[in-house]
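Student: Going line by line, the protein sequences match chains A, B and C.
First residue of the first sequence? That's 1 in my numbering, and the numbers climb one at a time after it.
First residue of the second sequence? That's 1 in my numbering, and the numbers climb one at a time after it.
First residue of the third sequence? That's 1 in my numbering, and the numbers climb one at a time after it.
Note that these hints are calculated values from the structure, not bench results.
Check each hint, because a few of them may be wrong.
Computed from the model, here is a short list of chain A residues facing chain B with C-beta under 8 Å [what the hints assert, rightly or not]: (1) Tyr138; (2) Ala200; (3) Val251; (4) Gln267; (5) Gly269.
None of the values given here were measured: they were computed from a predicted structure.
Heads up, the beta-carbon is just placed ideally off N, CA and C, and yes, glycines get one too.
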Amino acid sequence: MTRKGYEGVAVAVPVTVPYVRYSIRAAHWWLARSLAELLKSSGLKKSDVDGLSVSSFTLAPDTAIGLTQHLGLSPRWLDYVPLGGASGVVALRRAARAVQAGDADIVACIAGDTNHVDSFRLTLANFSQFARDAIYPYGAGGPNASFAFLTAYYMRSYGATREDFGKLCVAQRANALKYSHALFKKPLTLEEYLSARAIAEPLHLFDCVMPCAGAEGFLVLSEERAKALGIPFAALMGTIERHNAFAADPVQMRAGWALDREDLYAQAGAGPGDMDFVQTYDDYPVISLLQLEDLGFCAKGEAPAFVRKHSFTHDGSFPLNTSGGQLSVGQAGAAGGFLGMVEALRQLTGQAQARQVKDAKLGLVSGFGMINFDRGLGSGAAILGC
Amino acid sequence: MLEKPKRKNPVLRTRLPTLPPAARSRVALGLTAAAALGRFELQQCRDCGTVQYPPREACQQCLSVHLLWKSQSGAGELLSDTVLHHSNDLFFRERLPWRLGLVHLDCGPTVVAHLHGGVPPAPARVRVAARLDRAGQAALVALPEKETSDMANDRQLREFTCDPKFRKVLVTDGKTAAGQAMVKALATAGAELIWVGHAEPWKKISGFDELEKVSQVTLLPLDVTDSKSVREVAAEIGGKVDILVNNAEHHRAFGIGNRAGVETARAEMDVNYFGLLRLAQEFGPAMRARGADGLASAVAWVNVLSIYALTNFPPHGTFSASKAAAHSLAQCLRAEMRPAGVRVVNVFPGPIDDEWNQLLPPPKVAAAGLAQAIVGALRDGVEDVYPGDVAQEWLARWRDNPKALERELSP
Amino acid sequence: MSILNSFIRELSAGKIRVVDLTQTLSPEFPQISLPPEMGQAWPFRIEEVSRYDERGPAWYWNNFSCGEHTGTHFDAPIHWVSGKDLPNNATDSIPPERFIGPACVIDCSKQAADDADFLLTKKHLLNWERRYGRIPPRAWVLMRTDWSKRSSDPVDYQNYDETGQHTPGPDTDAVRFLVGERDLLGFGSESIGTDAGQAYHLRPPYPCHYYMHGAGRYGLQCLTNLDQLPPTGAVVVAAPLKIRNGSGSPLRALALMESK
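Pulled out of the complex, with its shape left as it was, chain A reads as follows (with noise of 0.2 Å):
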């Protein structure tokens, strides 16, 4: 059977709550204001929002049909997507196939988490079941062992150095300088990142993404409703989804966008230098070098040479992570999964500012989360266009 398209679909209101590093308040207060910035920047009312979907950490006990009576909504269409980084992309895709399908008109895609003094140590103990009996009692290291282990196997195997994942780090901050809600405010030198102390070799300081609380948000649509409330917005033109693929790799190498990804630009009938910028799932850098050698922007184990021959800067030859990603806005729980998505949208519909892309068309979003175990479970990627 072949895949229907996602023709109709509009992907529309960018909205960012803006992160700070610690909160005093709970996921639901991020996820209401989130949702409180799609109605004012959209014109709806709370009414007209018949969809949510929601992606957090934070919730418990609540999960997203305990919001809808906390916020005071009744949508027809519920979702709760706890699925991290890959939040974003999947919360789009089946918001999308619920606008086409009649099941949702306007659907408030939300993801947000609060971040207290110990909430991230509270949230890698109770992760998931394996994490807890295999990963945590280790180090208690969090992602940052698993990464570790990764990012060690990966220099090894394909001489990545830590000046690639450096560039990579100090590019995302030159654009985040240009990013009001980025966290980080200050311009990072690659002799900065080098010297930094060391969390778990060969992982230093730059190479985390650092816990926040925060929220994202965006409106899925039909393309007649978007322009009749007169709002900018992007089509989706294509989108994969895959969990625990090759799950019989002793180390993880690659993802489901390996799998997938033929099918993802077939859809989008572009391919990937046709891309006019590209946002990775960035909370350690090698994740971002196995994004592109997976999506085909370079092959397997080129990702080092491919990084030494671009800037990746907005207004660079293959602008990446164009608000300066996770690792200089900050990890906002959920919003992480988020956090391109949003960025996305805003280079799509002109709301970029000093960072816009110059005549950016097409880009490609990715999304990458759940480290269950050893390795991230979840992997998705969406294109879209204007």
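Please arrange chains B and C on chain A, whose structure you already have, making use of the hints.
Tutor: Just chains B and C, lined up with the frame of chain A:
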């Protein structure tokens, strides 16, 4: 690799014990159950043979729910290694830097393991074992492929073991051949000081005078039936004892019908059960306070129980009952010592080759064999040990069918 | 003035001195040891019930446990098989006036110092009588050995070697003489047992227990301070606890003597 710890600076605060993360799913406790015995077992599918890790409820290959815990070799390839310089957990934070490895086991799964300092950087061949951590839960440890003489000295590995080396030990009864053998074995294992308790000082026992010739030994009057004696000894040395070996035992070969009255049974309870209770009340608090006192912290409490604690051996019926009571109390002690990371090691020997088992046929556990089993348990960090062929056989029978063993013991 | 009034007056005036013949009951105090396969007497043990704490906020008290034959103690005739069928042979049935009697203190301290296995003979007793007069009827005959001075060291006090215990006591003839010819109330010693440590090898074994209890007489053991008593002239009060059918009891043994 491991220097003899300096004398403790008495004006510095003793760090409070913390534990590594202890939460586990119930199914993961299968790993702990095996590690408590010093075994490395992973789930293996009964139907398709796939080895699984992390522990789970259903086979990732064929969805069978018949996953059996089976011994695995642990041989594997170190794919990647890291050194943590940051941790979100207090226990590890206090022990940084901490080395970890990602190991692809020959039997299939990839595992994350604590990495022994003797393993070279990846890629390297390693041997993965399951060890109890200070929280009493199993954790995987990747060891050098080949055993080396100083392996036990690894700073990280020592957090999993109860190695007597450089530690101060109390053996509660030096007046039995087994107790004397334990003292000698602990001395050979590098214990820094060994206090040896002895009750009823007027009773001469052969071999006892020999103990004084062991340079680490200090003899100490200690009668576990006398609360005052236990309290005074604990007041004197309780703050220094790193390993307490409670081998004080009263053993008479009687059941119910062949000994009138309760006096013998009461004496057995007084030593075997109440003795443990008295020791635990007096020594427990000080040992708990020193669960993280550097390289030679308080680390283990050894109870010499009996395989009869599992099921009653009617010819030694009241003794069996007292050991069953002690076993139950030892479980309580284990729970109470766990927050301090002090391991309670229960030893379940078969009949020891002593005068009270005179009429039992061989094989019997020699004093030296029992002592070696205890030192081995401390070095390997195991929690339950069953020395001797009889104990091993009874354990196997008991696991297979406890009711059948009960019948077999009451002909 | 009545006898008791004058007794009290003399006591108050310090003319009557009270000597405590009792060892302190403590867990360390050595108890009798039998071969390990036999039944054993409990040593003295004491457990705190409360001490002004959550177990009892305003009071301090203990539970203690011990055998009937613990510390300084009394042996009743029923203790030995030879006395098992006698009338009034247990701690509750002995007429109370029989707990009080004049003391004849036989000083064997020099001999015991030279020979732990020293046996008191009839000849020693006759020599004593030549010096201090005939042992009166219903007297406590106390064998002073100064053995009590060893009690701070349980090893020295028990004095075991591979052949068993070595402590002084009376020989068979001495016991028969005291019972048969002097009608004593009972025999007292400073060591564990009225019999010598090696009395198992005498005929009959443990003659002091055998004949003394067989004739309805009593034993006092683990006494102390006998060196403070005159050879004659003191009165000993040794009343056991009134244990039903008791074979003995820990004692607070007191001696009264006139001050010089």
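Student: May I ask you to test the interface hint for valine 251 of chain A with respect to chain B, counting a Cβ-Cβ separation under 8 Å as satisfied?
Tutor: Result: holds, 5 Å to nearest chain B Cβ.
Student: Quick one, is the glycine 269 of chain A hint okay against chain B at 8 Å, beta carbons?
Tutor: violated (37 Å)
Student: Under 8 Å is the threshold here; is the Cβ of alanine 200 of chain A close enough to any Cβ of chain B for the hint to stand?
Tutor: holds (5 Å)
Student: When the nearest CB of chain B is found for glutamine 267 of chain A, is that gap smaller than 8 Å?
Tutor: Violated, because the Cβ-Cβ distance from glutamine 267 of chain A to chain B comes to roughly 30 Å (cut-off 8 Å).
Student: Against chain B, with CB atoms and a cut of 8 Å, does the hint on tyrosine 138 of chain A hold up?
Tutor: This hint holds: tyrosine 138 of chain A lies near chain B, its Cβ roughly 5 Å from the closest one there, short of 8 Å.
Hints 4, 5 from the list above are not met by this structure, while the remaining hints are.
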